[in-house]
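The whole structure should be built from the sequences, with the hints applied where relevant.
Chains C and P, in that order, are what the protein sequence lines are. Using my numbering, read the first sequence as starting at 1 and increasing by one per residue. Using my numbering, read the second sequence as starting at 1 and increasing by one per residue.
The hints are simulated quantities; they were obtained by calculation from the structure and are not laboratory data. Because the structure is a prediction, the values reported are computed rather than measured. Some hints here could point you the wrong way.
[What the hints assert, rightly or not] In silico contact screen, one side only, chain C against chain P (beta carbon under 8 Å); selected entries:
{"id": "1", "residue": "GLY283"}
{"id": "2", "residue": "ASN284"}
{"id": "3", "residue": "ASN414"}
{"id": "4", "residue": "TYR461"}
{"id": "5", "residue": "PRO471"}
Yeah, the Cβ is synthetic: ideal placement off N, Cα and C, and Gly gets one too.
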Amino acid sequence: MKAIILNVSAALVIAGLLAASGCTDTAPSGPSASLGSVTVTKYVAIGNSLTAGYQSNGLYESAQIYSYPNLISQQLNAAGANLPAFQQPLWPDPGTPSSATSGVASRYVIISMNGPVVGPANEAITALAPLNAATLARPYDNLGVPGAVIYDFLDTSSFASKAGAPRNNPLFEAILRTPVFGNSILAQATALNPDLVTFWLGNNDVLGYATSGGTSPAAPTDPAIFAQLYGGSLTLLHQALPKAKILAANIPDVAAIPFFTTIGPKIAATLPAGVYLRYQKHGNAGPALDSTRFTEANSPLITLEAGPYAALIGQSPCAQWYHDLAASLGIPFTTLFAQYAAAGIDTTTPFGLSPSNPFPDALVLDAGEQTIATNAITAFNATIANVVANTSGAVVVDMNSFFNSVKANGLSVNGQTFTTAYIAGGLFSLDGVHPSSKGYGIVANQYIKAMNDKLGMHVPYVNVNNLPGIPTPPLSKAHGVQYPNIPLSAWKSFHTLWGSEN
Amino acid sequence: MTLHTVCLCVAAILGSARGFAGGFQLNELGARAMAQGGAFAARASDPSAIYFNPAGLAFQTQPELYLGTTLIMPQVSFYGPVVDANDPAIKNETKMTNQTFTPIGMYGTYPVANNITVGVGVTNPYGLGTEWPSGWVGRFLTTKVDLASFYYTPTVAYKVSDQLSIGAGLNIVTGTVKLQQDAQVIDTTTHVSIDMTAKAAYGFNVGVLYKISPEWSVGVSYRSSVKLSATGTADFTPQFTVAGLVNDNVTSSLTLPATAFAGLAYKASPNFTVEADYQYIGWSSYNQLAIDFTKNPANNVVAPKDYSDTYIIRIGGEYTMNELKLRAGYLYDHSPVASAYVDPILPDANRNGVNVGVGYQFSKAISADLSYMFLKFDQRQATNTVSNFDGTYNALANLIGVSLGYTF
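Here is the structure:
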């Protein structure tokens with residue numbers, strides 16, 4: 001019996017040794033968070049609304065804190081940079097006003113999931129200027145100005161002048177504030193002396209054209225002019241900051257955003273067999289020569305703005321669009337409609353189904369307009385690739401390929417699936433153009449991927465799971481999705497930023 | 001007074017441990033076999049023959065109950081998730097919640113004639129459990145999984161000659177599956193819990209055992225695949241009507257793979273026997289996990305798995321010292337899961353297992369077997385995964401098997 005006990009003991013000792021040896025859980029080899037050989041003591045972001053953290057048709061603090069530049073600055077710190085506090089022009093919620101005199105915020109909220117009904121909620125604004133505008137005696141680190149086109153980067157004309165016609169954009173003055181800090185975006189960025197710069201301009205050189213259905217402005221920036229401006233911008237930026245690393249993002253295809261992909265398929269699903277949508281093509285103010293069932297190879301894209309009007313298809317008489325347009329422009333309906341009537345529009349016939357009461361040009365990006373937008377983007381991106389390749393210290397962040405991939409395949413991030421679908425896709429905010437907070441986290445990660453892959457850095461990625469989603473009303477609201485319903489008047493502030501010839 | 005009356009075959013090397021095998025197979029269904037690396041098909045000299053090789057029953061001439069369980073205690077760490085090889089998140093560790101699993105191997109045998117023995121087994125040869133801490137980074141993929149199968153196996157064996165026996169069994173199989181994860185819709189996180197039960201399905205197993213000489217024996221056995229059809233419920237907490245996340249009925253099917261053993265045993269001396277086995281597992285039957293939702297098919301799950309057929313090499317031996325038997329073994333278990341399909345639901349890897357064990361005959365009627373296995377998983381890198389959840393898994397497991405025999 002003693003022998004047995006000894007033997008059993010021996011076996012258990014062996015077992016114990018094996019167990020102990022196995023408990024050493026060796027971490028896999030791989031990089032630790034670091035900046036690699038890149039010095040980062042100051043980071044500045046240059047761009048437009050995407051850089052500013054614009055969401056759901058407004059700039060407001062609870063969204064701006066998830067701007068991709070702010071997220072990137074946090075991740076740089078996590079990689080060992082000891083950046084000074086990243087300063088952004090934060091507008092306290094509910095954020096920027098819909099106009100200088102309205103007193104209410106421009107941002108959209110989901111008013112009801114039944115529809116859904118989306119739009120401004122008549123929220124009284126709490127500030128006309130960013131929180132720290134008066135106390136921060138230097139330029140903002142986030143120099144993203146909603147509405148900025150490539151031209152604005154070098155433009156030294158007065159910031160205040162852009163608040164007047166034709167730009168009608170007060171945000172240059174609000175964000176860039178005073179020429180004392182620098183009389184252009186370039187000058188302000190240079191004054192901050194950053195060693196890391198993100199640069200994402202050019203989107204608005206085609207976006208305003210596209211989102212207005214090719215009406216305002218009537219064409220994207222000429223590619224030759226874009227090439228000149230972009231080349232000059234990056235060259236001067238590099239000359240001013242010769243040691244800085246520049247991450248230049250290119251331009252995603254506008255057709256990938258839910259602003260263009262939400263309403264058309266819903267109309268297609270409700271058109272009875274054999275019935276076609278009649279719509280105006282580019283520049284046509286009169287009866288429709290074109291029709292679609294959205295099954296053709298070159299189907300038109302319908303803007304998100306068309307939601308309330310898609311619900312009216314087939315009604316007669318129906319002059320709602322012209323009433324709303326007149327109200328939006330602030331002119332009498334009769335004055336506005338006279339020119340359409342002269343062109344042959346007859347609102348007593350079924351809206352959208354009769355050639356004489358067609359779906360309006362401003363809500364449609366037709367095949368020709370899509371080609372113009374796509375060609376512009378292709379040319380812009382070729383310019384960006386070429387300029388960046390010839391600028392020392394600069395690398396491209398290929399947002400175009402990334403968003404095309406997301407549009408085609410969706411994106412799974414740690415088990416959460418994102419698509420370009422409106423609201424449910426999770427990637428875009430309620431205006432269908434700008435990312436959600438999670439979407440900006442995903443954008444930030446594309447920059448970080450470029451830093452890690454192309455600059456030899458090891459910056460941790462943003463944990464997208466922990467960023468907030470689009471705020472929704474209580475879950476008890478009923479189901480019954482039809483057309484997103486955003487009043488036309490609510491888009492006025494949206495188009496104000498982009499809707500003029502530049 | 002000795003166990004030998006029960007274990008007629010070559011000096012029974014009891015349990016060789018087979019650590020829980022690749023995929024979600026469990027072969028630790030008898031402490032004697034387990035202690036010998038699971039190399040047992042060429043002897044099958046205790047009632048666990050019902051699992052390893054039913055032909056072995058024919059040489060067991062006394063009624064016996066052989067009842068056991070194995071405590072399986074895995075420790076798993078995940079490092080990641082990473083975007084690519086440059087991602088410092090490779091240092092971010094999440095430890096799987098430690099759990100202990102207790103698959104059973106319960107057998108009874110009864111010789112009905114001089115050359116015919118019948119028996120019945122109740123075993124859990126397929127099972128799986130993983131649980132990750134609440135709020136962990138992969139919670140939208142999985143938080144908890146529990147899969148259990150029950151095999152009820154009436155078996156008959158026929159001794160063709162003193163050298164040759166054959167055996168066959170019917171497998172009546174049921175099972176349960178629980179899957180839990182979080183889901184995020186817009187700004188709301190909901191917890192999804194799927195509970196399914198499989199109705200009885202049927203399979204079979206057959207085996208041959210041949211004693212070539214007093215020293216050498218060979219055994220071959222085969223167990224068919226079984227296709228389980230499961231039904232159950234999916235509960236969302238909270239429900240989210242707008243997004244179609246409402247409590248629902250679900251159906252799924254799961255094929256438990258075919259497996260086969262081929263073993264060769266050698267009695268080196270009257271006291272010492274060794275055996276080597278090759279086990280085949282037809283994991284290619286597990287190509288996807290599909291769950292259909294009755295009310296809202298938009299929630300249907302189709303998760304590709306694309307397992308491959310695979311194998312386990314088993315080596316073990318038993319040394320007899322009167323009432324005491326000392327056993328040891330080793331196994332190498334080749335993972336059926338390609339890198340792209342490794343996920344936190346079942347972080348599989350190649351494994352090496354080392355086994356030790358003892359058996360003791362307390363009286364003519366009563367015996368006991370105790371076995372221990374240390375199972376080390378190769379460090380597994382999951383890259384370019386279909387779930388886009390890349391990282392590295394480290395795992396090991398401690399297994400303790402206990403079986404008690406009672407001979408009538």
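Here's how the hints hold up against the structure:
1. At about 38 Å, the closest approach between the beta carbon of GLY283(C) and any beta carbon in chain P exceeds 8 Å, and the interface hint on this residue is violated.
2. The restraint placing ASN284(C) at the interface with chain P is violated, with a minimum CB-CB distance near 38 Å, outside the 8 Å limit.
3. Checking ASN414(C) against chain P: minimum C-beta separation of about 6 Å stays under 8 Å; hint holds.
4. Given hint, TYR461(C) at the interface with chain P, holds; its Cβ is 6 Å from that chain's nearest Cβ, closer than 8 Å.
5. The interface hint given for PRO471(C) holds, since its Cβ lies 5 Å from the closest Cβ of chain P, which is under the 8 Å cut-off.
This entry does not satisfy hints 1, 2, going by the numbered hints stated previously.
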